[in-house]
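Peer 1: What follows is each chain in one-letter form.
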Amino acid sequence: MKKCRARIVSKKELCEGIFDIRLRTEIAKDAKAGQFVLVFPNDPSRLLGRPLCICEADGDELRIVFRISGLGTKEISGISEDEEIMIEGPLGNGWNIKAAAGKEVLLLCGGIGAPALLQLAKKLGSQKGKEGGPKNVKAVLGYRNAPMNTFLAGDFENAGAEVVIASDDGSVGIKGNVIEAAGEKDIDCDVIFACGPMPMLKAVKSFADRKGIPAYISLEERMACGVGACLGCVVKTAAKDAHSHVNNARICTEGPVFEASEVIL
Amino acid sequence: MKDLSVSFCRMKFKNPVTCASGTFGSGIEYSEFVDLDGLGAITTKGVSVDAWEGNPTPRVAETPSGMMNAIGLQNPGADVFIKRDLAFLKKHDVPVIVNVCGHSTEEYVKAVKLLSEREEIALLEINVSCPNVKEGGIAFGTDPKSLFEITKAVKKVSKKPVIMKLSPNVTDIALMARSAEEGGADAISLINTFTAMKIDIYKKSFVLANRTGGLSGPAIHPIAVRMVYEASKAVSIPVIGMGGIACAADAIEMMMAGAVMVAVGMMNFHEPSLMTDIIKDIEAWMDETGTEKISDIIGCMH
Ligand SMILES: Cc1cc2nc3c(=O)[nH]c(=O)nc-3n(C[C@H](O)[C@H](O)[C@H](O)COP(=O)(O)OP(=O)(O)OC[C@H]3O[C@@H](n4cnc5c(N)ncnc54)[C@H](O)[C@@H]3O)c2cc1C
Ligand SMILES: Cc1cc2nc3c(=O)[nH]c(=O)nc-3n(C[C@H](O)[C@H](O)[C@H](O)COP(=O)(O)O)c2cc1C
Ligand code: FES
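Chains as they are written, first to last, in our numbering: chain A, 1 to 265; chain B, 266 to 567.
Treat the hints as calculated values from the structure; they're not laboratory data. Some clues are possibly wrong.
Only pairs whose alpha carbons sit at most 27 Å apart, straight line, appear in this in silico DSS-like list of lysine-lysine [what the hints assert, rightly or not]:
| hint | chain 1 | residue 1 | chain 2 | residue 2 |
| --- | --- | --- | --- | --- |
| 1 | B | K463 | A | K74 |
| 2 | B | K420 | B | K468 |
| 3 | B | K375 | A | K3 |
| 4 | B | K348 | A | K236 |
| 5 | B | K355 | A | K2 |
| 6 | A | K32 | A | K175 |
| 7 | B | K378 | B | K417 |
| 8 | B | K375 | A | K240 |
Whenever a hint applies, use it, and build me the whole structure from the sequences.
Peer 2: Take a look at the structure:
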């Protein structure tokens, strides 16, 4: 865990408002799938780091893929190649990769939740069929509509996942949400990894509950410190959390990934 | 070697820099970034007798050059705090200031009794200024008479020096400082956060679930300097100054205004190693200006 400068290696706009930035940073080599970094705007009036998932980490290169959702991400999207930006990380727990061993794995990616799952897909893809690896990996990627350009779908395919596309308006792939699409395709699975908007995660939680299979979900909350100090980013938990001794876990530290049954959404 | 040490409540601190309660956990969380032993002191997150849940989320929001928080003093309770957090800090060579909160006089008194038995604690800081809990907290810190009474009550049972942490949400900070002093406080610290509000104009909703939250950060620094100046002039007990400290210059300014020690708050989130940098830069400023002892500048503007 450190805070340091990172140089922009490349920047692309994947579709309107969604940016793909590769950074050179020593943080990359310690990064695990499902962890995140804080990216600090250069504007000195915006003091808090923006939590963004580690989409890929390879050697000393880190990839982030994000949507402009306010002034901070807008500023970050405006940075040019060869410029530098401050980042802090890697933060959080990451995906429980062991839970995929010998399993039919289903990755559910809702919109801008997809970056959270790509490094996991790559890791699982490389272990597929091997001892300790998954039996099979399927990914359903949900988009709002066709102009979203099915961003990252090709990356999941390259990672060795069988990809199904869904969209809210049916303009690309199956019409419906990711769970409906998985149902339509009769996808059988015995473990789920998911990231996306809250309504989707709630649906994933109750779906996994009904099926009696584990689901790992990556959560979001407003953060200040990112390291567990401020207690800003908590989620309600079913049991008393070991750190807080109340029913609250810190998303930045005990998460962002939780077993769906552990948390109350 | 420049002399960065200060004496505070008849104890010697190797330098005047500590963290503001609630912005540094109990030190564990930032120990990968900061050499804890290099700090003047560590001030821990507010702790109460029993565990507190805190407020619903969102609990934090960014504001121009600052932030708002409404954590609601979530904490695991004094027993867990002693077993886990204090046990960790005990292994370090740094004085510990424990921040205490409660809903009622009885709760404050009970917590102070329990904690003041612990030899690993140097000082107790009593938070009577949290804007984010419905009972206790700020109600004690905005009325001079209540402040006087609560100070007297905790002083009666405390075996440690007591620092009363003051709220800036008052018209006359000097009056509040004097009430704490008259109640027997060994020191005061200020400022806690300003009660504030932020509205999402598209969702037509409050940004924080608690509706209001405490504003802190560089945005409030000049107000904090003014209040530290007024409060420290009004009393003869020592002051810990805080509010938006972002660099050595801010810390030095606070000391010139009358603070014996300074605390760094939300800027730790922006720059985890900030306190270490500030200590180094205070020393550089002393070199630059030929200041031999940092204690010489305390209250030099009075
Ligand atoms: C663990 C985690 C991982 C994330 N990964 C990604 C990702 O890979 N790609 C992506 O596009 N987005 C991701 N997000 C959401 C992203 O953090 C927000 O979109 C971003 O912080 C918005 O910043 P802003 O300055 O543009 O918005 P503003 O609204 O101007 O931000 C104001 C403040 O609110 C915070 N904030 C606003 N929206 C969110 C949000 N949804 N979640 C958390 N904090 C928020 C900001 O960090 C900032 O402190 C992630 C969030 C979390 C918690
Ligand atoms: C996230 C957060 C949590 C805080 N928790 C406490 C607390 O538990 N007890 C307390 O006395 N003050 C608490 N404070 C107030 C700070 O200690 C400090 O008084 C205030 O933030 C002003 O300093 P700053 O502007 O440097 O942040 C908290 C502040 C923040 C930002
Ligand atoms: S963001 Fe501070 S505890 Fe999670």
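Peer 1: Take the hints in turn and mark each one as holding or not.
Peer 2: Comparing the hints with the structure gives:
For the suggested pair K463/B and K74/A, the alpha carbons sit about 21 Å apart, so the restraint of at most 27 Å is met. Taking the CA atoms of K420/B and K468/B, the gap is about 47 Å. The hint is violated against a cut of 27 Å. At roughly 40 Å between alpha-carbon atoms, K375/B and K3/A are farther apart than 27 Å, so this suggested pair is violated. Between K348/B and K236/A the CA atoms are separated by roughly 24 Å; this keeps the pair inside 27 Å, and the hint holds.
This hinted pair checks out: K355/B and K2/A have alpha carbons roughly 25 Å apart, not beyond 27 Å. This hinted pair does not check out: K32/A and K175/A have alpha carbons roughly 33 Å apart, beyond 27 Å. Our distance criterion of 27 Å between C-alpha atoms is met by K378/B and K417/B, whose separation comes to about 14 Å. Our distance criterion of 27 Å between C-alpha atoms is met by K375/B and K240/A, whose separation comes to about 24 Å.
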